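Guided by the hints, dock chain B onto chain A, whose structure is given.
Line order of the protein sequences matches chains A and B. Per the working numbering, the first sequence starts with residue 69, numbered consecutively. Per the working numbering, the second sequence starts with residue 69, numbered consecutively.
Since no wrong hints were added, every one of them can be taken at face value.
Below, simulated DSSO-like cross-link-like pairs (lysine-lysine); rule was C-alpha separation at most 30 angstroms, straight line:
id	chain 1	residue 1	chain 2	residue 2
1	A	Lys-78	A	Lys-467
2	B	Lys-394	A	Lys-437
3	B	Lys-394	A	Lys-394
4	A	Lys-421	B	Lys-394
5	A	Lys-463	A	Lys-78
6	A	Lys-290	B	Lys-394
7	B	Lys-437	A	Lys-394
A few chain A positions that, by computed beta-carbon distances, are all more than 12 angstroms from chain B:
id	residue
8	Asp-73
9	Leu-80
10	Leu-176
11	Glu-177
12	Asp-242
13	Arg-251
14	Asp-417
15	Glu-462
16	Leu-488
17	Gly-489
Honestly, the hints are just simulated from the structure, not real lab data. Quick caveat, the model's predicted, so the values are computed rather than measured. Ideal placement from N, C-alpha and C gives every residue a C-beta, glycine not left out.
2 protein chains.
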Amino acid sequence: MTSADVPMPKLLQEDAAPDLAAAVRREWPQAVADLVRLVRQPSVAAQGVGMEECAQLTAAIFREAGAETVEIWRLPDAAPAVFAEFAGGGDRTLLFYNHYDVQPAEPLELWSTPPWEGAVRDGRLVGRGVSDDKGPLMARIAAVRALRRLRGELPCRVKFLVEGEEEIGSVHFDTYVEAYKDRLRADACIWEFGGIDQEGHPELTLGLKGLCYVELEAHGAKRDQHSSVGAIVPNPAWRLVWALNAIKGPDGRVNVPGFYDGIQPPTEAEREAVRRVPWNPERMRQNLGIAAFTVEGDDAAREALLFGPTCTICGLDSGYQGPGPKTVLPAVARAKVDFRLVPGQDPHDIFRKVRAFLDERGFGDVQMKLLSAEKAYRTPVDDPFVQLVAATAEKAYGKPARVHVTSAGSGPMYPLGHALGIPMVSAGCGYWDSRAHAPDENIRISDYAQGIYHMAILLEEFGRA
Amino acid sequence: MTSADVPMPKLLQEDAAPDLAAAVRREWPQAVADLVRLVRQPSVAAQGVGMEECAQLTAAIFREAGAETVEIWRLPDAAPAVFAEFAGGGDRTLLFYNHYDVQPAEPLELWSTPPWEGAVRDGRLVGRGVSDDKGPLMARIAAVRALRRLRGELPCRVKFLVEGEEEIGSVHFDTYVEAYKDRLRADACIWEFGGIDQEGHPELTLGLKGLCYVELEAHGAKRDQHSSVGAIVPNPAWRLVWALNAIKGPDGRVNVPGFYDGIQPPTEAEREAVRRVPWNPERMRQNLGIAAFTVEGDDAAREALLFGPTCTICGLDSGYQGPGPKTVLPAVARAKVDFRLVPGQDPHDIFRKVRAFLDERGFGDVQMKLLSAEKAYRTPVDDPFVQLVAATAEKAYGKPARVHVTSAGSGPMYPLGHALGIPMVSAGCGYWDSRAHAPDENIRISDYAQGIYHMAILLEEFGRA
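The following block holds chain A by itself, in its conformation from the complex (with noise of 0.2 angstroms):
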């Protein structure tokens, strides 16, 4: 089946913005189009495959939809951003954040049609990218389109920021948004992801967690030795895993001075909120194979997930990890840890208090570099936007949103949210099989044009709040 031939699905509530619903349906052949043509131009930010083609592609396709201005962004040594702005009426300005990089798509052979093809199968769109971030992004730029060719001019003034490095940290992502902040000035924004649960519920997520990943590494000896030395010839492992236990030990609390200083608890109102969306910690531990969370109790495990800051070894690495025994002293060892970061906590101010307690606790051997950082960003929960996108959602998919004060993870939503003093919601067209940076990456037909509906009743009902 070609993307030609995929008929437009019924949508959930056509009722309830009938002309909207109609005008979606007559964008839907260009919408599926532009994915699958999007799709098809890989785009892998961590290889440098196919960036500047992807950029040229993304203006394209904003000019084709009638976007007023189309830009590309260039700092030395980034991939590029791609800006567009469309005209429109009243004096409100939504923003969408996008990105048109993807994931590599390794191990090919793990998906069951090609990657960069984008695929239709069983009612869904596969390839590299098409849930994150591509779905998503052409969903609302065929929300645009659709309102533009129903009501002749949109209801508000909307901004498009696409960038290309989410994949790999938004490494230039701070400094794009400082360079070009009063091009970006808008009341809200919609952020790149979200989907649909397990029950049919559309997801709504109104923050991120920070993100502070290092590097440590010790040395030993120049190569690597015979282990009979190890009586006296320091040990870069041992090093390791002292300076590890050093920052945290068996209870599980970080003992780096100040990691907790500043951090701001969650609002009455959030703790409200994360408890108005149902969650099944037995279902959890059973998904992940464990017998207990390292938090006692689940609501205080819920809380620790949502809103507490951690320490994570992601990667150790030293001397001899193949079968049987191999007596060596290995002349390197290396750790990868992540510490997710909560409002109130800066990634460099960690960076810096993690490297003096070292230095302090006897460890100055022991080298650690930033490999990545970012800070939290939470919108309030109460905020009239949030009620907007959560009716507008309930709109679309008649079921009532539900609403994530904050997702576990980390994303760059601090340098656009900070800078530009909005909200930020996200909102998007996955679900809970969408398989993001996995083979088989997907989405649901049904969803893509359900994200194109809602996107297009938020729009309309944006203008005219």
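Positioned in the frame of chain A, the structure of chain B alone reads:
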């Protein structure tokens, strides 16, 4: 140059035993040819390559040398061991311990001549196993041949035990020794290795440390997870770090109760023997590229190196180890740890104590497997056999032997020494650049001739003593 063209080098101290020197000269072409023949037969225990063939070849060489008895001993799932016995006058028996198995030859690209060719280059014989341990084995057989040809009869009975699993931890060696103890009875044993130090002194070694090599393994969720759940999902890398830190902290002391129990301290005679052998700690640090040992004071460091048990992390393996950041919560973490043991410690007892300690400290979830177990052994430095080997070495090399009370390394000396209750002394024909276990393994041709000469002198004086 083929092996047939390798001229016999001039022996040191030819005048010390001119008839033996002449006998070695007569035996030389065969001694070189047999060593090359043995090197050309791969026998990699770790890969199961050529083991049966090499055992058969070793047996054939014994038969050609006139052994009274040649047997190939077998155990289920074990590499065969070769036993040979030569008739001789007098009532004393000398036992030689060697092994016919070798380390893998990889990485092949780092060899300057093919590892299984047995090439002659720059006064050296080059090939896998030529130093460890086929050269020493053939030097001993050549000495037996030379003496038999010269005197008509050996001055003592001579036995050879040549195992095939030394390079994989001598896994069945104690079973072989137990099963054939009565056949192995002897008055003294020459151990497998040894050579010449950088100042031309022959080096003898009287003992080896023991070994308890374990693998620790911790498990978390059933698959790697996004690290955002690190707030509440058990992290096996942290469990491993904490368990390791419990076993040994930054003070370097092993915290396992009973770990140091029963350790036999070195005797005054052993300490005195150590002091007689020069040691250059500053050069050792320079060679290793380290600023300091982990033990303060060079004397204390030397004592720890020779007489102290160790606990060394040989490998760490968990999660993401590639370049850059990857936010993953690992499903599994592994560490390889070796404990070098000294007389008075038992590897199985140590294993049980570490297990009990981990359980008691709350690390029952950290699995532990025993990968290798050996007990330490030391021959008393004042044993008359030690004096005899040292005196004959000085006679053959013209420089006093340097007697090492023990190596910092491990090996299966205990099963044989303990079962037979006899002194064991290591003396061979390697040198400081023999590159055992490494590419371009080699022995100097002059050392090979000298090793035959020394063994001939030793056999004659042992029979006379």
